[in-house]
Amino acid sequence: MSAKVNTMGAAGARPDAAFPSGAPRAGETVLSVEGLCVGYRGEGGSRVPVVEDVSFELRAGRMLALVGESGCGKSVTAAALGGLLPRGMSVDGGKIAAAPGILRAGRGLAYVFQDPGQCLDPVFRVGRQIVEAMPRADRRRSRERLAELLEQVGFHEPERVARSYPHQLSGGMQQRAMLAMALAGRPRILVADEPTTALDVTVQARLLRLLADLQRKENLAVLLITHNLGVVAEVADEVLVMYAGRAVERGPVSMLASPRHPYVEGLLRALPRLERGAGPLEGIPGQVPALGRRPAGCPFHPRCALARAECRERVPEWREAGDGRALACWVRGGGGR
Amino acid sequence: MSGADIVMRVEDVLVTYRRVGRTTEAVKGVSFELREGRCLGIVGESGSGKSSLARALLGLEPEAASGRVWFRGEDVLSMDRRARAAFRRSAQMVFQDPLGSLNPRMRVGDAIGEVLRVHGRAKGRREAAERAAEWLGTVGLGAEYAPRYPHELSGGQRQRVNLARSLCAGATFLIADEPVSALDVSVQALILNLMKRLQRERGITWILIGHDLAVMRAMADDLLVMRAGECVERGPAERVLFEPRHPYTRELLSAVPDVAGALRRRGGGGARQSGREQNT
Numbered sequence: 316m317s318a319k320v321n322t323m324g325a326a327g328a329r330p331d332a333a334f335p336s337g338a339p340r341a342g343e344t345v346l347s348v349e350g351l352c353v354g355y356r357g358e359g360g361s362r363v364p365v366v367e368d369v370s371f372e373l374r375a376g377r378m379l380a381l382v383g384e385s386g387c388g389k390s391v392t393a394a395a396l397g398g399l400l401p402r403g404m405s406v407d408g409g410k411i412a413a414a415p416g417i418l419r420a421g422r423g424l425a426y427v428f429q430d431p432g433q434c435l436d437p438v439f440r441v442g443r444q445i446v447e448a449m450p451r452a453d454r455r456r457s458r459e460r461l462a463e464l465l466e467q468v469g470f471h472e473p474e475r476v477a478r479s480y481p482h483q484l485s486g487g488m489q490q491r492a493m494l495a496m497a498l499a500g501r502p503r504i505l506v507a508d509e510p511t512t513a514l515d516v517t518v519q520a521r522l523l524r525l526l527a528d529l530q531r532k533e534n535l536a537v538l539l540i541t542h543n544l545g546v547v548a549e550v551a552d553e554v555l556v557m558y559a560g561r562a563v564e565r566g567p568v569s570m571l572a573s574p575r576h577p578y579v580e581g582l583l584r585a586l587p588r589l590e591r592g593a594g595p596l597e598g599i600p601g602q603v604p605a606l607g608r609r610p611a612g613c614p615f616h617p618r619c620a621l622a623r624a625e626c627r628e629r630v631p632e633w634r635e636a637g638d639g640r641a642l643a644c645w646v647r648g649g650g651g652r
Numbered sequence: 009m010s011g012a013d014i015v016m017r018v019e020d021v022l023v024t025y026r027r028v029g030r031t032t033e034a035v036k037g038v039s040f041e042l043r044e045g046r047c048l049g050i051v052g053e054s055g056s057g058k059s060s061l062a063r064a065l066l067g068l069e070p071e072a073a074s075g076r077v078w079f080r081g082e083d084v085l086s087m088d089r090r091a092r093a094a095f096r097r098s099a100q101m102v103f104q105d106p107l108g109s110l111n112p113r114m115r116v117g118d119a120i121g122e123v124l125r126v127h128g129r130a131k132g133r134r135e136a137a138e139r140a141a142e143w144l145g146t147v148g149l150g151a152e153y154a155p156r157y158p159h160e161l162s163g164g165q166r167q168r169v170n171l172a173r174s175l176c177a178g179a180t181f182l183i184a185d186e187p188v189s190a191l192d193v194s195v196q197a198l199i200l201n202l203m204k205r206l207q208r209e210r211g212i213t214w215i216l217i218g219h220d221l222a223v224m225r226a227m228a229d230d231l232l233v234m235r236a237g238e239c240v241e242r243g244p245a246e247r248v249l250f251e252p253r254h255p256y257t258r259e260l261l262s263a264v265p266d267v268a269g270a271l272r273r274r275g276g277g278g279a280r281q282s283g284r285e286q287n288t
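Going line by line, the protein sequences match chains A and B.
The first sequence lines up with residues 316 to 652 when you count with our numbering.
The second sequence lines up with residues 9 to 288 when you count with our numbering.
Only chain B is shown next, with the shape it has when bound in the complex (with noise of 0.2 Å):
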């Protein structure tokens, strides 16, 4: 393996569903490296085998998937029970829908406190509050949250305490799919930037699945398009958004409905249909 700094290389996996009487391909060669502190963002439309390429690289997919995932430098998908649970510690998942992944009768300090005990981050519950605490403040909520439920928060809030939840037990290495697409656009501008923030600060790798391309302009470094389950570009991730090579990834490109192009594509709004008599 070359390069000390390579988090992840990934070279051609496949992730096969099979049930009685038919497969599915899901992920047909997906390879790329991923480099320390840097932010991988993969796009693609649903059914293009995004989120399934994700829970193969955290060896989620033991059955259906194969190829080779290094993590630095092991092979997570024939690791051993104690290399597994070490590379559990360090690379984590987050979702879409925190409420989902969230204890709904748990306080949200003790739903931190508790990935703290479990991977031995804290000793007793009166070490796990303070650290909890800790946390809750990192990802910008303060020590005042720990006593609250889930229900009690909002959207924005919950995916905050999901943060704090991956990063406590000591990860550096984090997928995130779709994180901010059932929030409010003004919240998920606020959890992007805690995302940018969390990166840069603590060194934080990140693998960003999801569907927005405005939003992979705000986040990722480098891009990789699927569609179908292939890898159709991949590159750095202002060349990909701004030259284009594969005509999907121009086709995607144009599709995102943006305010100050579609204004000015019509040229001072609302007059496209104005004026005109349409009969039935």
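In isolation and in its complexed conformation, chain A is listed as follows (with noise of 0.2 Å):
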């Protein structure tokens, strides 16, 4: 899509001089991720694959939900992108490509966690610890931006947060808090790793809608990673399913109303709502692989009632299917059923 794509860690680009010719248009690439791979050394010394063959791309003013259940690589995933594997993790393949600036540490790049404690020091004040997270541009104003981006994430009484230590906020305050800290790095692209799960229902709505206002403000790419495929219906434009490590489905986010992987199929299944009937849930039976312990061929197969030969013995092909949608399945993938 742009041609202004460099490859990961590409040095020289000033933080200040990202994108010299000015913000990328909406729906226009800042990331592509292509092929990505990431593992760390087993016992004995041989690989464990964690992410396997991962593609997609991050567009400004979008949002791209990263889904799947605890242990797909989703978070792994997102730590990628920004270069903050746990430690022994490493990226075995693939490529993850930037506009210009964007993935230098602190600019460009931001992240949001479920857990706030992982980003709010809980010995300073939390309007001092926004102002560190600005460029050095912004902190000669550095009082007005901090009540700017204060009240850019809903707080009516910034000074008084800002003077706040994070145990005098709650958990959707802090998470809020945390946000304005990404904010103020003046980020292109924002990664939200479960921001909201931690959070009551009536909080979790409220910090959506402002998550989707920001991207929308902002311009912003915002990579949502959660395991709530109601959040994702919410508030994502595209969707990205993982299994195990793999890259399942993707599409626009209405093809949750018709998703062609039996796993995601079956997940949608899962879900409990409050328009089905009262009987029975129907689950998936079995359980994600364990790592190190995933199944030769489709990561699905042992849990997938229309599994063939086929699927026991080669991973699926990564196939286009029309209107943006793509799946990795031998039964359901090629277009159509």
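Derived from the structure by calculation, the hints contain no laboratory data.
Incorrect hints may have been included.
[Stated by the list, open to error] Below, a list of computed lysine to aspartate or glutamate pairs in the EDC-like style, where the Cα atoms sit at most 20 Å apart:
# : chain 1 : residue 1 : chain 2 : residue 2
1 : B       : Lys36     : B       : Glu71
2 : B       : Lys36     : B       : Glu53
3 : B       : Lys204    : A       : Glu597
4 : B       : Lys204    : B       : Glu246
5 : B       : Lys204    : A       : Glu590
6 : B       : Lys131    : B       : Asp105
[Claimed, not checked] Not close to chain B: a few residues of chain A, all C-beta gaps over 10 Å, as computed:
#  : residue
7  : Tyr355
8  : Ala394
9  : Gly397
10 : Arg402
11 : Val438
12 : Phe439
13 : Glu459
14 : Glu472
15 : Pro473
16 : His482
17 : Val516
18 : Leu525
19 : Glu590
20 : Ala624
21 : Glu635
22 : Gly637
Here the structure is a predicted model, which means the values were calculated and not measured.
Cβ atoms here follow ideal geometry from the backbone N, Cα and C, with glycine treated the same way.
Both chains come to you apart, so use the hints to assemble them.
Written out as structure tokens, the structure is:
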């Protein structure tokens, strides 16, 4: 899409010189991930794959949701973007390519986590911590910028919040303070890893609206990591579903109305909903395979009712299916059913 | 006490925590009746007092709780030792974190066997092991899981072990505090189905504490909505979910992220922001 794509770690791009030609336009690709593989060294020295062959693009002003159950590799994928992989894990293959200046630490790409404690230091006032995250240019007028940021994330009394210590704020407020801190660096990409999982539903709804609003106003490219398909349907533009380290299906959010991959189908059927009858739910039998014990072939085949011989032997190819949709399934892949 | 099939009757229960110079009213007068074999869902957000209420109902807040809690005609809050021991057998709690409530160094078969022996349901190790294996089968795991340690099981499997442990002493009444919140969606459905099956086949009476109204839809026969220590609405689950009377219940319902509803509202999805240019 965009011609100005550099490889990861391209030095030389000065923080403030990001996007020399101005801000990216809505819909423009700011980061593309191609065939990302992440793993760690297991016992006996062999590589244990955590994420295998995952590809996606992040676009300005759009939100991509990375969805999956625990252990599917979604958080590791997100961590790989900013070079935040846990100790021992490393990128084994693939390419993370960004528009210039995007991937510099603390600038261009910002994170918001489930637990505000990961970002907020309990011994400093919130305001000071946000100011610290500002680029030098903004620090000269830090007071105005601080008030602006806190208002942006929905605080009516920015001064009181700025003076507070993290423990004096509620969970939802801490989450918003963390968001303000992330925005302080004027990022182009916001990675939100389960930002609302620990929050009450009414607070969650407010934070999601705020996130969608910021994404639009600030033209942010947002990568939302979540296990909650309801949340995805509320705010995301695009969805990528992962299972056991692999991408299984991708498409515009409307694909959740007509998923093709049997796992995604099963996941949606398993979801308790208000609108359904009070009869038994449909779970997916079995469980997500543990790291290092992933089956050969399609990772989902041991739990899949449609699995055939080839599903057990070969990893399904990632195939485009039209309308921005793609999936990896021998049975349902390749355009139609 | 009218109605022999009433398992629990709660009248004006208050839970007040007192610390030096400060009192916190966690539960401010909640009343309800729970009939045999039904599931009462108690929903509320964090800090609404639902877990404090649950603990009070089991007599676990002797200092802080006041009011009346009758369990099959006996007052839980003023039971003598003997009555209390019997109550502990028939009323049990299931927690959210199944790992935290299992001894990490005990094989799950032994963990169930221990409960059986303590409550006199099995004599000797051999019988305990046999009955534990049966219980593992009842909760859908099978005897082959008996020699495993908790860390070798998935979250859903651990929750099954916990259910077996709660039930094997002869419990007929369970209070489950967010039992599926920590589980993946595909597994959550299986555990909820198991709970429903136990309710049906073994006549278990449940109180399900939670925040997820969609989960309540799948499990609860009756619902009690709590906010800031008060019950704001109570009634049959269908009625509360589909004809909510209290504004707070309506707010909770509208905040539940719902796939079908959201897609409908957004009309084909993704179109909300497409094309429009938003510059900074």
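Taking the hints in turn, this is what the structure says about them:
1. B:Lys36 <-> B:Glu71: holds, 15 Å
2. B:Lys36 <-> B:Glu53: holds, 16 Å
3. B:Lys204 <-> A:Glu597: holds, 13 Å
4. B:Lys204 <-> B:Glu246: With Cα atoms ~17 Å apart, Lys204 (chain B) and Glu246 (chain B) stay inside 20 Å; holds.
5. B:Lys204 <-> A:Glu590: holds, 18 Å
6. B:Lys131 <-> B:Asp105: Violated. Lys131 (chain B) to Asp105 (chain B) sits at ~30 Å, over the 20 Å cutoff.
7. Tyr355: holds, 19 Å
8. Ala394: holds, 20 Å
9. Gly397: holds, 22 Å
10. Arg402: Holds, because the least Cβ-Cβ distance between Arg402 (chain A) and chain B comes to about 21 Å, which exceeds 10 Å.
11. Val438: The claim stands: Val438 (chain A) keeps its Cβ more than 10 Å from every Cβ of chain B (closest is about 24 Å).
12. Phe439: For Phe439 (chain A), whose nearest Cβ neighbour in chain B is about 25 Å away, the distance exceeds 10 Å, so it holds.
13. Glu459: Answer for Glu459 (chain A): holds, closest chain B Cβ roughly 17 Å.
14. Glu472: holds, 21 Å
15. Pro473: The claim stands: Pro473 (chain A) keeps its Cβ more than 10 Å from every Cβ of chain B (closest is about 20 Å).
16. His482: At roughly 15 Å from the nearest Cβ of chain B, His482 (chain A) sits farther out than 10 Å, so the non-interface label holds.
17. Val516: violated, 4 Å
18. Leu525: Given a closest Cβ separation of 14 Å, the condition holds.
19. Glu590: Nearest chain B Cβ is 6 Å from Glu590 (chain A), so the label is violated.
20. Ala624: At about 24 Å from chain B, Ala624 (chain A) clears the 10 Å cut-off, so the statement holds.
21. Glu635: holds, 17 Å
22. Gly637: About 15 Å separates Gly637 (chain A) from the closest Cβ of chain B, which puts it past 10 Å; holds.
The structure fails hints 6, 17, 19 (numbered hints given earlier, in ascending order).
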